[in-house]
Structures are given as C-alpha cells and as structure tokens.
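Asks: Use the sequences and the hints to build the structure in full.
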Amino acid sequence: MTLDDSARRTILLASCLVLAPPASAVERYVGTAYRTGARTPLYREVHFVDSARHAVLFECLDGKAFARKELDMRGGSPQPDYSFVDARTGYEEGVAREGATRVAYVRRPGSQRVERPLPDKGDAVIDAGFDTYLRTHWDTVVRRGATVAFLLTSRGRFMPVHISADKPRDGDRQLTLKLDAWYAFVAPSIMVTYGETDRRLRRYEGPGNIRDARGKPIAVRIEFPPSERRSGVTGDPIDEALNTPLDGHCAS
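Counting in the UniProt record's numbering, the sequence shown runs from 1 upward without gaps.
Simulated from the structure, these hints should not be mistaken for laboratory data.
Here are the simulated DSSO-like pairs of lysine-lysine, each with C-alpha atoms no more than 30 Å apart in a straight line:
no., residue 1, residue 2
1, K178, K167
2, K216, K121
3, K121, K178
4, K64, K216
5, K178, K216
Replies: So this is what it looks like as structure tokens:
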C-alpha cells in the first residue's frame with residue numbers, strides 16, 4: 001500500500017509540528033519607581049522577557065511610554081548587547097557590535113554619538129546581565145560575596161564592583177553593590193532585594209536609567225511586587241513593546 005502526495009504532506013507536517021521546539025514563554029513584570037525617600041510614584045517600568053530578548057517600556061503615570069530598553073539575552077550571557085533611548089531628551093546609550101568589535105556608545109542631547117571599544121572581559125557584567133550573573137552565582141555571592149567588572153556605559157569603562165549579601169529577612173535577601181576601589185566614597189551604592197526562594201527581583205535602590213534635566217541619573221527606589229508578575233503571556237508582547245510609539249513627554 002502506498003501513500004499519495006497529499007497523505008505524505010500531511011504526515012510530514014505533523015512530524016514537523018511534533019519536532020518543532022515550543023515557543024518561548026514570555027514573562028511580564030512591572031516596577032514602580034519613586035525618587036529616593038519619596039512616596040509619590042515617578043514612573044513605571046514594564047518588562048517583557050523570554051529566553052532571547054528583554055524589552056522594557058518606561059511609562060508615565062498616565063500610561064504613555066517615553067523611553068525604551070532592548071536587551072539581547074541569547075545564550076544567557078551576563079554581558080548582553082543592549083540599547084536604551086529616552087524620547088523626551090533624545091538621550092541614548094548601549095552596547096553594540098561593530099564588525100568584530102563591541103562598543104559602548106552614548107548620545108547626549110544635542111551631541112553626536114560617542115563610541116568606545118570594549119575589551120574582552122570574561123568575568124564582566126553589563127546592565128541587566130547582573131540578574132543572569134546573580135542567578136548563576138547565587139550560592140557563592142550570598143555565602144562570601146564577589147567582585148565583578150561592571151560596565152559604566154556612559155564612561156565606556158568596566159569598573160570593579162563588590163557584591164555583599166545580608167542575611168535573609170522575611171523571605172527576602174538584600175545585596176549591596178559598591179565600587180571596589182579607593183574612590184568608592186564618591187559613587188553611590190546600589191542595593192537590590194531578591195526573593196530568597198524564587199530569586200526574583202523585589203526592589204532596586206540606586207541611580208536609575210532615567211535622567212533629570214541636568215542629564216544626571218535620578219536616584220530611585222523601584223518596587224517589583226510579585227502580584228505584578230505574570231508568566232506565559234500570550235500574543236507578541238515583546239514585539240508590541242518594541243513597536244510602541246514613544247510619546248516623548250509625560251502629562252502628569
């Protein structure tokens with residue numbers, strides 16, 4: 001008994017569907033930012049993450065997006081390429097590949113884009129790649145701390161940052177990031193709080209992505225409540241976030 005062409009095509013299609021890898025699940029979580037010491041919300045960060053991409057929309061309190069970040073998370077590297085743009089001022093920064101070289105770039109309002117080549121550093125962390133690094137080295141970090149090279153994109157330099165962990169409290173654990181150098185006293189510390197069990201970000205305290213009218217990063221506290229975290233988001237939320245028009249100003 002032989003199969004006709006139609007039957008062969010049907011079997012081939014079915015086998016492809018069985019063998020095809022499942023689509024990457026998208027996780028959505030939201031952070032509300034406050035100026036350090038304040039209780040009035042300043043803006044929101046809406047994150048969309050899968051195994052390859054991480055998109056962030058920075059929204060006004062009225063829901064309009066004014067800035068965006070995109071990170072290439074393929075391979076689970078703590079050193080992702082990324083781009084950030086604030087449509088209010090035109091400020092841009094990121095890490096990109098120029099041929100065989102990686103560069104850190106910055107474009108300040110009214111200025112040309114400035115690029116600085118990055119050295120190949122195997123132990124380095126770039127931007128939200130810290131989350132990947134922490135998940136991979138959690139036990140070491142909470143037990144005895146660690147020092148990593150962290151990219152200061154605006155300066156195009158890797159700086160040594162020491163990470164220390166407090167004892168867990170109410171199911172959370174706070175970690176402190178501080179420049180591991182003699183001039184650390186001039187730089188603010190960053191504190192991040194993670195869930196002890198799920199190792200998910202709960203709070204960020206330190207200089208944020210958003211800058212003030214002088215071009216300086218605003219010191220913020222960003223709260224990431226578990227109630228604002230969703231897994232298995234349907235549709236194409238990452239593409240939608242990347243294609244969302246940036247309003248350029250906030251009404252509130």
